[in-house]
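A.B. asks: All chains, please: the whole structure from these sequences, using the hints.
Here the sequence shown is numbered in the working numbering, starting from 81 and rising by one per residue.
Check the hints yourself; a few may be wrong.
Below are the DSSO-like pairs computed for lysine-lysine, each with C-alpha atoms no more than 30 Å apart in a straight line [unchecked claim]:
no. : residue 1 : residue 2
1   : 218       : 167
2   : 183       : 156
3   : 183       : 106
4   : 156       : 106
5   : 245       : 156
6   : 218       : 288
7   : 218       : 245
8   : 288       : 183
9   : 183       : 111
10  : 267       : 218
11  : 183       : 250
12  : 267       : 288
13  : 106       : 267
14  : 167       : 156
15  : 106       : 288
16  : 167       : 183
17  : 267       : 245
18  : 111       : 245
19  : 250       : 288
20  : 218       : 250
21  : 167       : 250
22  : 183       : 218
23  : 183       : 245
24  : 218       : 106
25  : 167       : 106
26  : 111       : 167
The set of hints was computed from the structure by calculation and includes no laboratory data.
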Amino acid sequence: MTGAGLAARGFDLIELHNIDCMEAMKEMPDKAFDLAIVDPPYGIGFAMEKERKPTATKSAQFKFKCKEWDNSIPPKEYFDQLFRVSKNQIVWGANYFLDYLPKTSCVIIWDKLNPEGMRFSDGEMAWGSFNTALRICKVIRTYLQEDQIHPTQKPLPLMTWCIEKAGFPKIILDPFMGSGTTLRAAKDLGLNAIGIEIEERHCEAAAKRMAQEVLF
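C.D. replies: Okay, here's the thing in structure tokens:
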């Protein structure tokens with residue numbers, strides 16, 4: 081890929097690109113990726129909540145500053161490009177994108193195993209392109225409390241589970257990379273993956289995460 085503002089950093093089989101995902105995908109050939117795992121903005125204004133800080137001491141300096149990226153969902157053009165460049169897809173937040181996604185039997189539910197009275201949602205839903213039945217992955221959300229570096233970060237075991245259920249695809253795309261959880265899971269499994277993130281500080285945080293030998 082080429083283009084103004086494109087910066088890439090490689091970690092063995094992993095590449096990180098600091099660029100707008102629409103610009104990047106327009107330059108990609110058809111069906112270049114075996115799987116796209118995506119977690120686009122849901123348009124619920126989550127990132128505009130009051131500035132939040134992680135609870136872990138070692139991450140206390142990282143702040144989730146208010147941004148406007150979660151004010152609206154991606155346009156239909158994003159989904160058109162996503163389906164063009166990838167053979168299969170797993171789309172988190174599927175309930176927010178039903179107008180853009182075809183019918184499928186492959187619904188994935190992340191059961192967060194919340195304790196009684198927790199104010200957060202009990203789970204999240206993903207749309208999958210595979211011809212399979214509904215599947216549930218049970219991963220406790222508090223797994224993130226020690227090392228959360230992004231306001232909508234998914235747990236590493238959840239992304240690892242998705243890749244395994246997709247049959248260990250040879251090359252993976254994540255066009256809204258965020259903290260790089262999908263890429264970290266791919267790296268640990270010895271798979272190729274490309275991540276795209278428009279916000280530089282998230283891209284830098286993901287790069288540090290890829291370089292670590294001790295997983296988080």
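A.B. asks: So, for every hint listed, does it hold in this structure?
C.D. replies: Cross-check of the supplied hints:
Distance check on the hinted pair: residue 218 and residue 167 sit about 26 Å apart at the alpha-carbon level, within 30 Å; holds. Restraint check for residue 183 and residue 156: satisfied, since their Cα atoms lie roughly 16 Å apart, inside the 30 Å limit. Distance hint between residue 183 and residue 106 is fulfilled; the C-alpha atoms sit about 25 Å from each other, no more than 30 Å. Simply put, residue 156 and residue 106 have alpha-carbon atoms about 14 Å apart, close enough for the 30 Å limit, and the pair holds.
Between residue 245 and residue 156 the CA atoms are separated by roughly 27 Å; this keeps the pair inside 30 Å, and the hint holds. Restraint check for residue 218 and residue 288: satisfied, since their Cα atoms lie roughly 27 Å apart, inside the 30 Å limit. Annotation: proposed proximity of residue 218 to residue 245 holds, straight-line Cα distance about 14 Å (limit 30 Å). For the hint linking residue 288 to residue 183, the alpha-carbon distance of about 38 Å lies beyond 30 Å, and the restraint is violated.
About 20 Å separates the Cα atoms of residue 183 and residue 111, which keeps this hinted pair within 30 Å; it holds. For a cut-off of 30 Å, the pair hint linking residue 267 to residue 218 stands: about 22 Å separates their Cα positions. The hinted pair formed by residue 183 and residue 250 meets the criterion: a straight-line CA distance of about 26 Å does not exceed 30 Å. The suggested pairing of residue 267 with residue 288 holds, with an alpha-carbon distance near 13 Å, which does not exceed 30 Å.
Taking the CA atoms of residue 106 and residue 267, the gap is near 25 Å; set against the 30 Å cutoff, the hint holds. For the given pair, residue 167 sits about 18 Å from residue 156 by alpha-carbon distance, which is consistent with the 30 Å threshold. With a CA separation close to 27 Å, the supplied pair residue 106 and residue 288 stays within the 30 Å bound. A distance of roughly 16 Å separates the Cα atoms of residue 167 and residue 183; the hinted pair therefore holds under the 30 Å criterion.
A threshold of 30 Å between alpha carbons decides the hint, and for residue 267 with residue 245 the separation of about 16 Å falls inside it, so the pair holds. At most 30 Å may separate the alpha-carbon atoms for a hinted pair to count; residue 111 and residue 245 meet this at roughly 20 Å. Distance hint between residue 250 and residue 288 is fulfilled; the C-alpha atoms sit about 23 Å from each other, no more than 30 Å. The straight-line distance between the Cα atoms of residue 218 and residue 250 is roughly 25 Å, inside the 30 Å bound, and the hint therefore holds.
The straight-line distance between the Cα atoms of residue 167 and residue 250 is roughly 11 Å, inside the 30 Å bound, and the hint therefore holds. With a C-alpha separation of about 24 Å, the suggested pairing of residue 183 with residue 218 holds against the 30 Å cut-off. Taken as a hint, the residue 183 and residue 245 pair is honoured in the structure, with Cα atoms around 19 Å apart against an allowance of 30 Å. A distance of roughly 35 Å separates the Cα atoms of residue 218 and residue 106; the hinted pair therefore is violated under the 30 Å criterion.
Between the alpha carbons of residue 167 and residue 106 the distance comes to roughly 16 Å, so the proposed pair stays at or under 30 Å and holds. Distance restraint check for residue 111 and residue 167: the Cα-Cα separation of roughly 5 Å lies within the 30 Å cut-off, and the hinted pair is therefore satisfied.
The structure does not agree with the numbered hints 8, 24 stated previously, though it agrees with the rest.
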